[in-house]
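S.K.: Protein sequence lines correspond, in order, to chains A and B.
Numbering-wise (the numbering used here), the first sequence opens with residue 6 and increments by one.
Numbering-wise (the numbering used here), the second sequence opens with residue 6 and increments by one.
Treat the hints loosely; a few may be bogus.
Derived lysine to aspartate or glutamate pairs resembling DMTMM-like cross-links, with alpha carbons at most 25 Å apart [unchecked claim]:
| no. | chain 1 | residue 1 | chain 2 | residue 2 |
| --- | --- | --- | --- | --- |
| 1 | A | K343 | A | D196 |
| 2 | A | K220 | B | D39 |
| 3 | B | K384 | B | D177 |
| 4 | A | K73 | A | D14 |
| 5 | B | K120 | B | E107 |
| 6 | A | K220 | B | E34 |
| 7 | A | K343 | A | E189 |
| 8 | B | K220 | A | D39 |
| 9 | B | K220 | B | D451 |
| 10 | B | K220 | A | E34 |
| 11 | B | K343 | B | D323 |
| 12 | B | K220 | B | D196 |
If you're looking for bench data, these hints aren't it; they were derived computationally from the structure.
What you are looking at is a predicted structure, and each value in this text was computed from that prediction instead of being measured.
If you want the building blocks of each chain, they are given just below.
There are 2 protein chains.
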Amino acid sequence: MQAFQRLTDKMHLITDLGAAAAVLGWDQETYMPDGAVAGRAEQLATLSSFIHQHTTNADTVAIVEEVKKELPLLTTRQQLVAQTFIRDHDRSLKLPSELVEEQARTASMAQDAWKRARSASDFTIFEPLLAKTVDLKRREAEIVGPAKHLYDNLLDSFEPGLTVDVITPIFDRLRTGTVALLSEITPRQQDVNDDVLYRSYNPDAQLASATRIIKTLGFDMNTGRVDLSAHPFCTSFGSTDVRLTTRIRENDLRSCLFGLIHEAGHGMYEQGIGNDLARTFSGQGASMGIHESQSLFWENVVARSEEFWNWAFPHLRDTFPEQLKDQDVRSFYRAINKMRPSLNRVESDELTYNLHIILRFEIERDLIAGTMEVRDIPKRWNEKMEEALGVVPANDAEGCLQDVHWSFGGLGYFPSYTLGKLYAAMEWNAMQVTMPDVRDRIANGDFAPILGWLREHVHSYGRTETPQEMIQRISGRPLTEVDFLTYVGAKARNVYGI
Amino acid sequence: MQAFQRLTDKMHLITDLGAAAAVLGWDQETYMPDGAVAGRAEQLATLSSFIHQHTTNADTVAIVEEVKKELPLLTTRQQLVAQTFIRDHDRSLKLPSELVEEQARTASMAQDAWKRARSASDFTIFEPLLAKTVDLKRREAEIVGPAKHLYDNLLDSFEPGLTVDVITPIFDRLRTGTVALLSEITPRQQDVNDDVLYRSYNPDAQLASATRIIKTLGFDMNTGRVDLSAHPFCTSFGSTDVRLTTRIRENDLRSCLFGLIHEAGHGMYEQGIGNDLARTFSGQGASMGIHESQSLFWENVVARSEEFWNWAFPHLRDTFPEQLKDQDVRSFYRAINKMRPSLNRVESDELTYNLHIILRFEIERDLIAGTMEVRDIPKRWNEKMEEALGVVPANDAEGCLQDVHWSFGGLGYFPSYTLGKLYAAMEWNAMQVTMPDVRDRIANGDFAPILGWLREHVHSYGRTETPQEMIQRISGRPLTEVDFLTYVGAKARNVYGI
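Chain A on its own, in the form it takes in the complex (with noise of 0.2 Å):
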């Protein structure tokens, strides 16, 4: 047992380092002076070198190999626990330090070139810098190991366990389950109107009426807190100190009510990590997968429902009487829920959402495997676009420019939305099994047992689980896209009447 004290110090030390560097981020995002931008990234950086450097040292490959030795007499929690810590581990070791800083650098100069390549509409400008972004990951996922895939080697820093044989059937019957349920509902659009959302809603009134709600759904407002920032997010420093932000735009009612929904979905799911995991590499979600599907259970499966307005519906009208005077809780639930092809991933809806990440998927797994070129990108999204959504983006700029993720190297990371959406849709399904009054439960504003669930089967495991045992454990199936589909296609037929 001496060693996994050992261990666990040392874990107790990175992920304070690592909290550290989440409240400088987190206060950067928030608080922090324009002319502070320089000395930040400094900081952080130091932050950075230290946390490798503990993650990698001498000290702690000695303490990796006695914790291995030992495994047998650590109880089952334990080895969990350091098993994530050697998985971790052993991805940093394998991975020379100048190829992590080579990506560092490649990514600031890469995220400086995106912007203004967005700026310009001109994809060009970007491209070289993508290439060597992707020429990089290659790198690293060679490195990583042998792979059927070398994309699998990428989706394993996100979704552990993950592979393109298993996901790619999944999406393709994805994609043909959603184009074949536009199509019913594409004839009755105008039957939906959600003009409601993009009335004219005071900023204070919205945000206090948001933050009203996540209080009531089980958000913690004594181990978190919420501010403003340019683009929303969760950061935690450890359960007891979960921050959630969110933005307000006057005319969209949707972008700091379901956003800040959304976040403190994730936040939840923060704050319920066991204790005994604090401060090891165990103490966070299973995966960006299984976080997303948190976030997206509270945001569409709760907010978005019917039920949920029942109750929720004559609290809003009490906010903002003039603006839905004209509104019942039917007309505002089919608003909220309106389907349709857009041009851009994050304003898009429940339903049309996967094929935007599907596109993205495919994409990037040929540009890995080396069956496509970079700069083909605007060339091959704007016909995928076409084919699934049947709309063509005029530019790059409102095509495969719109995300920030390739720029910083996140290659792997954009299945993971859609894995949220497939895992809430399980989660969903199996929580009815145990708890058959759910729906009358959203509809009383009771949503302590909802929470209860999650914390018992999702949150309170942290990351001693890969998502896949997880999703086994609570649903008694593998990864299936049945589920969400079931579930899109009643929501999609309820509000289009068909």
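Go by the hints and put chain B onto chain A.
M.R.: Coordinates of chain B only, in the frame set by chain A:
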């Protein structure tokens, strides 16, 4: 020059960690949710241990040895930077980590005991832990090295180079002069009415008004900001990121207004430190006393002057027309400068404040010298209060338990407050020599030349001089109480019409 480069790299690492710790400290006092206290303490402890480790490890010791050999090859500025680091490093090396850890543990318990003692107004609750604190500080002073008075080695942490033998006669004369001045104005106390300060002032308007003033004085909001906290402070994460806090009391106009100007004085100092000193151990104020001279310069010398209110009063009356309708510049100036003995250091005025400090200095000095026992503090405190100020606390809470400083082991700190007043008066006299029209400038709201003078003569030097070297350079004379007594005497006679 190679060793100096390595020393610079090392200082960058350590100051970045220090800046990260400062961000976490700022966040704790401004926005951190209540439930996060324990986790934050762990993060800060980890950062502290990294900082101590990297300041004292074998690698750093080796670099310091090489830099010492290389000194003659360095520029003067580089030599000063290197010597500042070496001085801090030597002190850190001398202190055994067991002592440092025991001091940290004792401080944590003593702060808790102090809070309980103050609530109960019972010094005996605090006494055992204060006795231990004094004992540990005495051990620290003994370890640091030979000194005529052990207390000199504690003073040295806050005011490098200053000694009991220098301070004692200056403080004695300061007390004599202050008491004499008090006896002049006491018969005229009823002539100065300060009721205006305690009317009801809208908190938002107070903050907006104080913020406008510090921006006009020269605090740069592009590299700084203002937030609220229970106790006002200034903290810096480098000269490009300086945070001020203030508190607002609806029925006390002084709290936010003069509090924020005071902190902005600290903040402008930090913003003005030479860029070439960034991320080195010289990239901070010269000493606690010099830092305090900057905050007091703006708060008292500038913002409590009659000239300042010639400019500022019309603006303030626009903000609070009802509350200030019976006031003019002269009556307001007299109100904010009322000088009268009181029990509380923080709420005392420019003149009597120093009597509170001298009392604390003498007690600290005698405790460390071993000529006084901790248990005798309440009695000695009350005797000295009666002797110097003519008032006696009714209990320990309003007497010897009013300050937090001793509970965290800050013995040697109190003198800095009065030294700041003496330095500020010397700076003011030096400034008037090179800028004879400075009073007119203040009256016209033209503060840029004043800030420019302080930038040139104080700020840009950072911590490359001892405070005594600095004040000698600026004024051509060593530390003296004469300038302050002349300055405060003139003000007292003006205010009281003598």
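S.K.: Would you mind marking each hint as holding or not holding in the structure?
M.R.: Do the hints match the structure? See the list:
1. Note on K343(A) and D196(A): the hinted pairing holds, with a Cα-Cα distance of about 10 Å set against a maximum of 25 Å.
2. Restraint check for K220(A) and D39(B): satisfied, since their Cα atoms lie roughly 16 Å apart, inside the 25 Å limit.
3. With a C-alpha separation of about 21 Å, the suggested pair K384(B) and D177(B) falls inside the 25 Å cut-off, and the hint holds.
4. Simply put, K73(A) and D14(A) have alpha-carbon atoms about 16 Å apart, close enough for the 25 Å limit, and the pair holds.
5. This hinted pair checks out: K120(B) and E107(B) have alpha carbons roughly 20 Å apart, not beyond 25 Å.
6. Pair hint K220(A) plus E34(B) holds up; C-alpha atoms about 23 Å apart against a cutoff of 25 Å.
7. Note on K343(A) and E189(A): the hinted pairing holds, with a Cα-Cα distance of about 13 Å set against a maximum of 25 Å.
8. Restraint check for K220(B) and D39(A): the C-alpha separation of about 16 Å stays at or below 25 Å, so the hint holds.
9. A threshold of 25 Å between alpha carbons decides the hint, and for K220(B) with D451(B) the separation of about 12 Å falls inside it, so the pair holds.
10. Taking the CA atoms of K220(B) and E34(A), the gap is about 23 Å. The hint holds against a cut of 25 Å.
11. The straight-line distance between the Cα atoms of K343(B) and D323(B) is roughly 24 Å, inside the 25 Å bound, and the hint therefore holds.
12. Only pairs whose Cα atoms come within 25 Å are accepted, and K220(B) paired with D196(B) is rejected, the gap being roughly 34 Å.
In this structure, only the earlier hint numbered 12 is contradicted, and the remaining ones agree with it.
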